[in-house]
Structures are given as C-alpha cells and as structure tokens.
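Number of protein chains: 4
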Amino acid sequence: MAVLANMIETHPRFSSEESREFATELEVLSLCEQSCLLCADACLEEKSPGDLRVCIQRNLDCAAVCRATAGMLLRRTQGSNVVLHSQLHACVAACQACRDECALHARLHRHCTVCADICRECQEVCNAALARLAPGEDTETA
Amino acid sequence: MAVLANMIETHPRFSSEESREFATELEVLSLCEQSCLLCADACLEEKSPGDLRVCIQRNLDCAAVCRATAGMLLRRTQGSNVVLHSQLHACVAACQACRDECALHARLHRHCTVCADICRECQEVCNAALARLAPGEDTETA
Amino acid sequence: MAVLANMIETHPRFSSEESREFATELEVLSLCEQSCLLCADACLEEKSPGDLRVCIQRNLDCAAVCRATAGMLLRRTQGSNVVLHSQLHACVAACQACRDECALHARLHRHCTVCADICRECQEVCNAALARLAPGEDTETA
Amino acid sequence: MAVLANMIETHPRFSSEESREFATELEVLSLCEQSCLLCADACLEEKSPGDLRVCIQRNLDCAAVCRATAGMLLRRTQGSNVVLHSQLHACVAACQACRDECALHARLHRHCTVCADICRECQEVCNAALARLAPGEDTETA
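Residue numbers (our numbering), protein chains in the order written: chain A, 1 to 142; chain B, 1001 to 1142; chain C, 2001 to 2142; chain D, 3001 to 3142.
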C-alpha cells in the first residue's frame, strides 16, 4: 500500500491528503478481485463443484467488475463522474451478489467466508468513494 | 461471429434462437473495447497528445468497462440480473462519455470518428440487452 | 473487422497495407478469449463440472493470456519487440494447452470442439505475428 | 496480504506453508499492475506527455502482462507449467522494458522512480516463482 500511496502522491493531479485513502480503495478493490478469483478456483477444486456453480460465476463476475472499477478509479478522468458513479454502483451490486452467494457456503467452505468478508469491505469502500465524489447525493433528508 | 454463435449454440443453458443476437452483442462489446484501446494509442501518437489527454483517459475507461460487461454478459449468471443491469448501465454511460469526447476531435482525427461510431453502436447494443433482460422496465406508461 | 481495419488505417503509425492482416489478428485473439470464457462457463453448466475442472482452468488461463496479448499487439510499443515476442510465445503455449485439454472432451461436448478450433487458429495467428515481427528468427536453415 | 494468505490457506489444493510466499507474489503483481496504470496516467497529466509516449505504452503493456500473469499464477492449473513458465518469462521481460524506460524519466518524474522500483521487485518475484516451479532449470552448472 505504501507503494500505491507513493505513486498517488507523485501524480500531478492528486493532493497528498487524499493519497492514503485512495491507496486503500485501490488496494481493497484489488484484494477483492484476487480473492474472488481464488474463491472461484477453490470452489472448482472442491469435491462437488456443481453445487458451487453459481458461486463460481458470481466470483468471476465480481472479479471482472472490481477490476474495471479500480482502473477507472485510478484514472478519475476529468468530467466523467457520471461514468465512475455508475461503475461504482455496479461494483457495489456485484460485491453484494457475490457475498450473498458465498454466505450460503460459508459453513462448508472457509474460502467462501473469507471471500464474503472482503466483498463486504469492498462494498464499503465503493460506498465511501461514492459519498466522497458526490457528497449528500444518496442521502435522504427530512 | 460465426464462432461465437457456434459457442453459444452449444452452451447447455442458451437457446439457439438467442445465439445470433447474443453473439452480436459480444462482438460489438469486444470491437468497442479494442477500438477504444486503438484510439487511445493513436491519440498518444499524434503530434500533441496533451490536447487529447481526456480522450485517451475516456478511451481507457470505456475499454475497461466494455470488457467487464462482456465477461458478465457471456456468463449471464443465474439470478444476478441486478448486477448485469447496473453493469450494462455503466457501459452505456462509459460509451456516451467516450463518444462525446471523441466527437470533439472527430474533425481532426479520423480514428476519433470511427471510435465514436462504434461507441454509439455499443450503447445501442447495451440498451437492447437491458430491454431484453427486463422488458418494459425503463418504460414510462400512462 | 471492418471497424478494426478502419481504426488501424487511421492510426498515425500503421501503414494501410498492414491494416487488414493486423485487424484479423486482433479479431482472432478476441474471439479466442471470448470462446474460452464461453467454454469455461458451458463446462461449468454441464452435469459433471468436476470432470471438466482442468478444462475450465485452461480456458480461463487462455482467455487471460489472449487478452494481454491483444492489448500489447495493438500498441506495438516501439522498441519493445522482446516483450511482444515473449508474450506471443506465451499465447501460443496457452492456446496449445487449452486446445489439448478441449480435445479430450470434444466427443462429449461440442463447445470444446469449437473452442479447440479457435485455439488452433489463434496459435496460427500468433505464430504468423512472430514470423512477421522477426523474419527468419525461429527458422532452422541448412 | 493477510486476506490473500487466508484465501490461499483455505484453498483445497495449496499447502499452508506456501500460502505466505504465494500471497506476496500475487500482491506484488497487483501492485505492479496498478503502479504502471498510475504511472501511465501521471505521465499523461504531465506538461509534455508527448515526451513520455513510450513510457505510457510500456506502462500499459506491463500492466496487461502483470494482470494475466497473476490470474494464471493463482490458478496454477495442473499440468500446464509450460504455459505458466512462458507467461512468467513474458512478465519478466515486460517489467524490464517498463523499468528501463521509467529510469530515463526518473530524474524529472518521481512517479517513474517509484514505478521502476516496483517493476524491479515484480521481476524478482517472477524469477523466484520460475525457480520454485522448476528448480535448477535456468541454472548453469559446471
């Protein structure tokens, strides 16, 4: 993470205050992607991979979405907040779907437990990024 | 495309009626991804890549999103329509942003013209997929 | 493919003579990637995905390698022929491994037959690209 | 990294002894990918991105190769060591090319310094993985 924070600090467009927070977001998205790929592979190696079919598919979906989201987040292309927003929303949805399915197998397969945990963390990170990019947007006020 | 249609026809979960339409969707997403990557590289090779900075970034964003969308679409994971929906929406937004930016440079750079065209086509394909997956959803009725 | 050929023709660094050949290479790499992902998903949906475990893994490996190779090929970064060469070699190996495994299941699963065919075609395309980039390199002469 | 080590420990095919080493490899590949993408974006935002054209291209090449390599490494598909080997070799080459180019700009752009460092580390990790997978292979003995 120190590496990413250093990269971000030396980027001409980012302020150093945001570098640590931003580095954490990128790290969590990447961990979630790799955990989902590892969970898919572990599911496939279990005795009855047929029972874990949907879990494998959601793992692969979530990994693909996390990766696209990380790529967009690190560019933070000027003026394309609409795109980043909808991609972050897609990532929250993909993490939720993966986490729900992993939870069904958590008692039998510990990799599903670990994967569900990182998906939850990734959701939180995406929601925090959404809040930061458009403060107050999704808030219900009286 | 014949290859993809053949792959889809032999997939145990897809009906042969949908194979051609589905193959077209995958093909267009892939063309859009590669065109965006080619446009980014062409922009970089132009005399003043600094003027094309945002175009390059939106190209890279759009390529990343198209790729994630194609991956999810070809799996069509059971019961995760919410995820596919939000990813298709993100793809529509990314294509729109890329197309808008490419249009600004279309007079000077023909690769931007070609790229904007395929982004528009990709948007249409994503909107058609959205309509097919949830008929009537985004429709305003009296 | 017309789209890719148009993109390449308008790229400031490529000659129009090579555009059609180059477009074919990119198209085949992309078809191979998507076919491998479709084959993996089809295998997972078959009655005994456990018997197709290695096939699914090789499909995913081959898809990942094809994608990286296409990305590098379309940039053809100046002076980094060593990198493109070794990536093309890795792609030839990944296609061979995937094709060998698919061949074992071709009698039972037609998606494996189609996938093996496109892997073979992709290998040929990579070998042609290798020959074009470094004419005579791998040739044994008397 | 603890997350990845946990994922690997709970994978049915990996021994817990190798989990920490393996987690480090995956983490470094992912850091290198993201650092290269950040370096490309930072280069693009500098005053004269035209001078950093090749650096941006090598960054994108290296990111694509690191990602494919991480995906294959975490699957470690049975019996396809040939593929993993050639992919690791391609990754060593891509890291070297990126590092060489970044070194040319290190005095002016600190993001290039940080990126060159992580590319070097990634090379070492790939070389270690190569040595572990085929002990003695590339060794010159008397």
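Keep in mind the hints are simulated off the structure, nothing from the lab. A couple of the hints might just be wrong.
[Unchecked claim] Quick list of simulated restraints, FRET-style, between CB atoms:
#	chain 1	residue 1	chain 2	residue 2	range
1	A	Arg20	D	Ala3131	28 to 36 Å
2	B	Arg1013	C	Glu2124	45 to 53 Å
3	C	Ser2015	B	Lys1047	13 to 21 Å
4	B	Leu1108	A	Ser16	50 to 58 Å
5	A	Ser48	C	Pro2012	50 to 58 Å
6	C	Ala2106	A	Asp51	38 to 46 Å
7	B	Ser1016	C	Glu2017	25 to 33 Å
8	C	Ala2106	B	Ala1106	45 to 53 Å
9	C	Ala2103	A	Gln78	33 to 41 Å
10	B	Asn1081	C	Ala2106	16 to 24 Å
11	C	Arg2107	D	Leu3104	34 to 42 Å
12	A	Leu108	B	Pro1012	22 to 30 Å
13	B	Glu1124	A	Ser15	35 to 43 Å
14	C	Gly2050	B	Arg1132	45 to 53 Å
[Unchecked claim] For the chain D half of the interface with chain A, some residues (derived, Cβ under 8 Å), not all of them:
#	residue
15	Met3007
16	His3011
17	Pro3012
18	Asp3041
19	Glu3046
20	Gly3050
21	Arg3053
22	Leu3074
[To be verified] What the simulated footprint calls covered on chain C by chain D, stretch by stretch (three residues with Cβ under 8 Å from a Cβ of chain D suffice, anywhere in the stretch; the number is not a length):
#	region
23	2056–2065
24	2102–2111
In this text, all values refer to a predicted model and were calculated from it rather than measured experimentally. Think of the CB as a built atom: it goes at the ideal place given N, C-alpha and C, for glycine as much as any other residue.
Going down the list of hints, with the structure as the test:
no.	hint	result
1	Arg20(A) - Ala3131(D): 28 to 36 Å	holds (35 Å)
2	Arg1013(B) - Glu2124(C): 45 to 53 Å	violated (31 Å)
3	Ser2015(C) - Lys1047(B): 13 to 21 Å	holds (19 Å)
4	Leu1108(B) - Ser16(A): 50 to 58 Å	violated (36 Å)
5	Ser48(A) - Pro2012(C): 50 to 58 Å	holds (55 Å)
6	Ala2106(C) - Asp51(A): 38 to 46 Å	violated (26 Å)
7	Ser1016(B) - Glu2017(C): 25 to 33 Å	violated (40 Å)
8	Ala2106(C) - Ala1106(B): 45 to 53 Å	holds (47 Å)
9	Ala2103(C) - Gln78(A): 33 to 41 Å	violated (50 Å)
10	Asn1081(B) - Ala2106(C): 16 to 24 Å	violated (33 Å)
11	Arg2107(C) - Leu3104(D): 34 to 42 Å	violated (55 Å)
12	Leu108(A) - Pro1012(B): 22 to 30 Å	holds (25 Å)
13	Glu1124(B) - Ser15(A): 35 to 43 Å	holds (39 Å)
14	Gly2050(C) - Arg1132(B): 45 to 53 Å	violated (33 Å)
15	Met3007	holds (4 Å)
16	His3011	holds (4 Å)
17	Pro3012	holds (5 Å)
18	Asp3041	holds (5 Å)
19	Glu3046	holds (6 Å)
20	Gly3050	violated (15 Å)
21	Arg3053	violated (17 Å)
22	Leu3074	holds (6 Å)
23	2056–2065	holds (count 6)
24	2102–2111	violated (count 0)
Of the hints listed earlier, those the structure fails to meet are numbers 2, 4, 6, 7, 9, 10, 11, 14, 20, 21 and 24, in rising order.
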